Amino acid sequence: MDTIQQHHANLLDGLEAIARFGWLTREQISRLLWPGSTSATREKLGQRLIAKAQSQGWILRRVIDGGGSAYVLRPAGVVHLHQSRPTVPAKSGLGLRLGNVRHRSLSNNTLIAALLQGNTVWTEYEILTRRTPTIAVADKVPDGAILQVDPDGAELQWIEVEAHSRKQQDFEALCQFIRGPLASAWRAPYQLVEGVYLTALHLVFAEEHLGALLTHRLLQVAGQEGWLDSVLDSIELYWAHQTARGRWEGLRQVGTLLFPPDNWKVKRLSALESALTERIRRLSIQAEA
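Sequence positions in the sequence shown follow the numbering used here and run 1 to 289.
Among the hints, erroneous ones may be present.
[As the list claims (entries may be wrong)] The calculated BS3-like cross-link candidates involving lysine-lysine, where the alpha carbons are at most 27 Å apart (straight line), are:
hint, residue 1, residue 2
1, K52, K91
2, K140, K167
3, K91, K140
4, K167, K91
[As the list claims (entries may be wrong)] Label pairs and their computed distance ranges (CB to CB):
hint, residue 1, residue 2, range
5, P261, P86, 43 to 51 Å
6, G226, S92, 44 to 52 Å
7, Q253, A9, 43 to 51 Å
8, G95, E194, 28 to 36 Å
9, A136, Q83, 54 to 62 Å
10, S92, D170, 42 to 50 Å
11, P86, E225, 24 to 32 Å
12, T134, D65, 25 to 33 Å
13, Q83, F259, 32 to 40 Å
14, V193, R48, 14 to 22 Å
15, V88, S184, 16 to 24 Å
16, P261, G95, 20 to 28 Å
17, K167, G223, 40 to 48 Å
18, V266, A51, 21 to 29 Å
Simulated from the structure, these hints should not be mistaken for lab results. Please read all numbers here as calculations on a predicted model, not as lab measurements. The C-beta atom is built at its ideal place from N, Cα and C for all residues, glycine as well.
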């Protein structure tokens with residue numbers, strides 16, 4: 001492949017990445033396309049790619065909360081991508097609502113890291129726009145999914161990212177997911193959709209105090225309801241490192257809900273947080289009765 005062909009392939013790869021994630025920052029695009037390059041080289045290549053795609057009218061720059069830029073597909077970009085890669089689902093992002101930018105950025109960065117490790121992923125945008133099989137559980141969908149595919153099917157790791165303190169309704173839905181599908185998956189293979197089996201829950205935290213807070217609340221409910229150790233160990237805890245503008249600085253596993261960091265187990269809840277956790281426990285008991 002000569003230089004011109006390689007540049008065009010890079011442009012198509014960038015457009016396809018935006019199509020899959022809905023929107024991406026320049027740093028995210030360059031990390032996906034040139035993972036083996038230095039950060040300085042990636043920045044230079046990313047700037048060149050973005051400038052070319054903008055000059056062709058294929059992408060649109062959007063200003064995101066907290067500063068910085070994200071890029072979405074223009075209609076011309078969708079047409080160009082379909083002409084070269086007709087099997088890639090794509091739609092214009094001109095009317096796309098960026099939503100909770102910090103939350104989506106954390107989800108995107110987590111899934112990009114998984115992609116670069118050779119995994120298959122379903123992005124939050126693909127799930128919400130129904131480009132994947134429907135995997136909602138109790139009206140809850142994941143913030144992304146990592147799949148390990150083999151001839152017998154696929155094992156799915158459900159991703160939940162924590163960029164802000166979890167509201168009562170979201171916490172209750174998470175508990176329902178754990179005591180339902182995740183607990184069932186450790187008694188027998190649990191098929192979310194045909195050929196796709198749930199195996200683990202990944203909780204990814206943008207900040208350590210968010211991890212400590214949610215871990216403590218979950219452990220309270222787990223102790224009151226007697227969640228099995230095997231279920232607790234299938235809930236993996238990750239601490240993501242990214243700047244306020246979404247620049248990625250890495251992801252590391254810090255434990256599981258069975259073996260969390262010691263300082264996360266003793267996190268004190270506020271009176272409101274304790275009341276919400278207790279209310280969820282009572283609602284669970286009433287539902288079972």
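Outcome of the hint check:
1. K52 to K91: Holds. K52 to K91 sits at ~20 Å (cutoff 27 Å).
2. K140 to K167: Holds - the C-alpha atoms of K167 and K140 are around 14 Å apart, at most 27 Å.
3. K91 to K140: It holds: about 24 Å lies between the C-alpha atoms, which stays within 27 Å.
4. K167 to K91: Between K167 and K91 the Cα gap is close to 32 Å, so the pair fails against 27 Å, i.e. violated.
5. P261 to P86: 43 to 51 Å: Since P261 and P86 have Cβ atoms about 48 Å apart, the given range 43 to 51 Å holds.
6. G226 to S92: 44 to 52 Å: 50 Å, holds
7. Q253 to A9: 43 to 51 Å: 34 Å, violated
8. G95 to E194: 28 to 36 Å: 33 Å, holds
9. A136 to Q83: 54 to 62 Å: At 34 Å between Cβs, range violated.
10. S92 to D170: 42 to 50 Å: 30 Å, violated
11. P86 to E225: 24 to 32 Å: Given range 24 to 32 Å: violated, Cβ gap about 50 Å.
12. T134 to D65: 25 to 33 Å: About 29 Å separates the Cβ atoms of T134 and D65, which means 25 to 33 Å holds.
13. Q83 to F259: 32 to 40 Å: Violated - the Cβ-Cβ distance for Q83 and F259, about 51 Å, lies outside 32 to 40 Å.
14. V193 to R48: 14 to 22 Å: With a Cβ separation near 40 Å, V193 and R48 fall outside 14 to 22 Å, so the hint is violated.
15. V88 to S184: 16 to 24 Å: Because 35 Å falls outside the window, the suggested range is violated.
16. P261 to G95: 20 to 28 Å: 42 Å, violated
17. K167 to G223: 40 to 48 Å: Given a distance of about 22 Å, which is not inside 40 to 48 Å, the answer is violated.
18. V266 to A51: 21 to 29 Å: 51 Å, violated
Checked against the numbered hints above, the structure breaks hints 4, 7, 9, 10, 11, 13, 14, 15, 16, 17, 18 and satisfies the rest.
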